[in-house]
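Each chain is listed here by its residues.
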Amino acid sequence: MEAAQNFMELSKQVVGFIYPNEIDIQWSILIVVYPYITGLVAGAFILASLVKVFNVKELQPTYRLAMLTALAFLLIAPLPLQLHLGRPERSYEMFITPNLSSAMAMFGFVYLWYLMLVLLLEIWFEYRRDMIVWSSESTGLKKWVLKFLSLFSTDISEKAVAFDKKTVKIITIIGIPSAFLLHGYVGFIFGSIKANPWWSSVMMPVAFLFSAIVSGIAMVMLLYMIMVPLRGGKIDMKCLDKVASFLFYVVIVDFSIEVLDFIHRLYESEESIKILSQLVTTKLFMSLVVLQILMGMLLPLGLMVVIKVFRLQEEVRKLLYFVCGLLIQLGIFSTRWNVVIGGQLFSKSFRGLTTYKMELMGIEGFLVALALLIIPFVILSILIKLLPPWKKEELAGVE
Amino acid sequence: MDRRDFLKHFCWVISSGGVLGGGSADAWARMLNKTYDTTKHYYGMGIDIDKCIGCGRCMEACKTENDVPAVPYYFRTWVERYVIKTDRTVSVNTINMESDEPGDVLVEKDVLRSFFVPKLCNQCDHPPCVQVCPVGATFKTDDGVILVDSKRCIGCRYCIQACPYGARYLHPETRVADKCTFCYHRLVKGLLPVCVEVCPKQARVFGDMKSIASPLGRFTRMNKIHVLKPSLNTDPKVYYANLDGEVN
Amino acid sequence: MKDFFKKLPEQAVRVVTVFIGLVLILLVVWRFILPPELKDHDLQITATVEREVAKEIKYAGAQICGQCHEKEPEIKKVGYHRDLSCESCHGAAQKHVENPTEVKPTSPKKRDYCSYCHKYNSSRPTGFPQINPDRHNPRKPCITCHNPHNPKPPTTPRSCAACHAQIERAKAASYHALIACAVCHTTPEKHKVSPRTVIPTKPDKREFCGKCHDKGSSRKGVPTVDMAAHGEKYVCWQCHYPHTLGGI
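Chains as they are written, first to last, in my numbering: chain A, 1 to 399; chain B, 400 to 647; chain C, 648 to 895.
Since the hints were made in silico from the structure, they are not lab data. Worth double-checking, as some hints may not be accurate.
Unchecked claim - Cβ-to-Cβ under 10 Å is the rule here; a few derived chain C residues that face chain A:
id	residue
1	L655
2	P656
3	E657
4	V662
5	T664
6	L669
7	L685
8	K686
9	D687
10	H688
11	Q691
To be verified - Label-pair ranges, simulated between beta-carbon atoms:
id	chain 1	residue 1	chain 2	residue 2	range
12	C	K852	B	Q601	36 to 42 Å
13	C	D759	B	D466	23 to 29 Å
14	B	E572	C	E657	54 to 60 Å
15	A	I170	C	E657	16 to 22 Å
16	A	L266	C	T844	53 to 59 Å
17	B	D466	C	K756	23 to 29 Å
18	C	G668	A	Q82	24 to 30 Å
19	A	L100	C	V663	28 to 34 Å
20	C	S754	A	Q82	48 to 54 Å
21	C	D759	A	L330	51 to 57 Å
22	C	W677	A	D155	32 to 38 Å
The beta-carbon is built from N, C-alpha and C at its ideal position, and this holds for glycine as well.
Work out the full structure, taking the sequences as your base and the hints as a guide.
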């Protein structure tokens, strides 16, 4: 039978001893994609919150873009989970009979809370006035779509707009812990599995969150650098430098957390250290040492230090920021890979390593994962068309 | 006499409220049409490592009885073989897998200790799998057996990740989680789990911890007992006698 | 209530209305549309146990065989296979119990089945009879000489290797290869017939090993040591394991 042959090939690649049921890697690349996506959502939202709650005025040009980015990725977030379930048609059960002791059961509720009561609500209040204005300026389908989206509201007086602004601030304040919960619970799911020493750690939700913020800020930075010229505008360097600054600080924190975890593991040297060392030096060498640490963290960190110390020219800075942004995306994706896949590559008997054979086609294959990563950008382009983040004056660089 | 007819003639006797927690015995009563009172039993298994000969009859019988996929990669119970050499290296493999090389069974050189360890779901008292199931599809019965509701399991595999013993797997056809149930369908009818039934050496011993006399009672009295991964506080109910420290 | 709505700006009223509408829809769905099986966890548990209990039984259990087959259990219960369940060799027999005339259980008559247990494997516990199928009457069905229900060997084994194969094979590669087991272990004849009731002895004096290994012994080519100054408190085998190469 085909499945048996598949397993025969897999078992030839097993090093040492694994429990027989462990030959199947249970959480595939889709479960790598999911925390990556919700990480981007949380990170983009945190960047947006810097504007509204912490009043970092220089970041204002990125605010609407960050919100739309968060929304585009959030809409896709349930898909990898649905597709990986053994029985996706039963996923509604999590809403009706959630098991309160399970961290995973909170997904539906946290997701809905964040989507409806934080993101959509905030975007609505932020864009309401503009939607009303645009709808009066457009015709046909677009006019009615915008009218519908604004819930047929009409009041664009100063008082109403001030109320909107205040509401946005309150929602953002509520949104920050909500974003932490949305992504942090995934870290908690991994961190609370005592059976798996690679995952079981109190730092897991914290590390997840900080790497999420890193990836979110870097993604918005990249999108800002791509979208503004595309819409015929001039990149606001003060804004970009500020984004890069915040990115720099968060990368330092994230890096410190990961180094702390690493040193702590080596120092304590618990039972699992032998197999985990073997894992890192053999199966995970490329994805962890090379991609996650060297290329994904140290190199961008080095570049950003160089930018800060040497006061480089604008064009050079833009290029380096772009490179950093890309490297960081690669690094954070590798981080998710190393956590999810890495944790399943060693046996719970601590005596062996197995292998992950990612299919190309198939519902949990590479192509589906790639599609899930591309679709948010498609959604984002539609959102940007419908709800442009920048007015013409802003694009021209006029304050 | 047909077993089914025999059992159909039983009438249900319900023991009343105070002894039972949570009203679930009432639910059992409504459903189980026989004089089987789940609150009067609490099952465990004993395994004597010194007796296991590694014949694999238990593995085969379990697959037959419980319709486990016939490929050598899904097991509700399996037997591991340990060979510890004088240089302290340990090599482990699962018996009767196609990857077994014939030469291995003959190894004697520099062997310090060598033995077989049957493994299965430990039916823990603090099961991490039950804790993490998002829809509550896996649960512990009153008589101490962990079952999976195959009609409700959504196949998220969280329980498989949470099990420290590798006892669970995703059934390739039904796409839901599956595992050893101590042959629950046999227990309620007074039969033994098949792995215990076919073991030629009585290396596996089964017992009801609530009964006054049972093979498990003697087993746990006469042997020094060890469980797997005690530091994880799962409180397993599979008790090993003469378990070597190298067994994880 | 009206005042509250008057104070709120128009857009907030619209938003609140939308949310209240959604919540109402959810409540209606929950109360009136969802069937109880989806909502009540206890119902789901009882349904699962019901399904589990209704599963097919394939192994009938050893006790039921004796109700029709009176001869074999009598033969079996005095022999070495007394702990072996009928179905360990004859396979799942519930169908045979339900339909004794038309469905017959399997009966392993060739050599391959006995090999599952009795083919030599160095990890099996010592004292378990093992053979090398290629050397031990090759091609002859085992049941020609051994009645499977009471598998007493046709003649009492001459060599200890019949039950202690792993020790014999290790010894055969050691310096003690040419020393017969009985030289060091006094073995009463009864041990070959009833092994657990009488066990062979181990040398209890250092002088025994000293006959060959003490300095000044007449044996050529044998490593010697001054026993007066070497390991005084102990009998030799408390440190040295004489069956393996190097006696370690």
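CB of D759 of chain C to CB of L330 of chain A, is that within 51 to 57 Å? holds, 56 Å
Closer than 10 Å between Cβ atoms is the bar; does L655 of chain C clear it against chain A? Give me holds or violated. holds, 9 Å
Between G668 of chain C and Q82 of chain A, is the Cβ distance one that fits in 24 to 30 Å? holds, 26 Å
Is 48 to 54 Å a correct range for the gap between the Cβ atoms of S754 of chain C and Q82 of chain A? At 51 Å between Cβs, range holds.
Q691 of chain C as chain A interface residue, shortest Cβ-Cβ below 10 Å: holds, 7 Å
Under 10 Å is the threshold here; is the Cβ of L685 of chain C close enough to any Cβ of chain A for the hint to stand? This interface hint holds because 5 Å falls under the 10 Å limit.
CB-CB spacing for D466 of chain B and D759 of chain C relative to the 23 to 29 Å hint: holds, 25 Å
Quick one, is the H688 of chain C hint okay against chain A at 10 Å, beta carbons? At 6 Å from the nearest chain A Cβ, H688 of chain C passes the 10 Å test, so the hint holds.
Can you let me know if the beta-carbon spacing of L100 of chain A and V663 of chain C is within 28 to 34 Å? For V663 of chain C against L100 of chain A, whose Cβ atoms are near 29 Å apart, the range 28 to 34 Å holds.
Does the closest beta carbon of chain A sit nearer than 10 Å to the beta carbon of K686 of chain C? holds, 6 Å
Given a cut of 10 Å on the nearest C-beta pair, is the interface hint for V662 of chain C held or broken against chain A? holds, 7 Å
Lying within 53 to 59 Å: is that true of the beta-carbon distance L266 of chain A to T844 of chain C? About 56 Å separates the Cβ atoms of L266 of chain A and T844 of chain C, which means 53 to 59 Å holds.
In this structure, none of the earlier numbered hints is contradicted; all agree with it.
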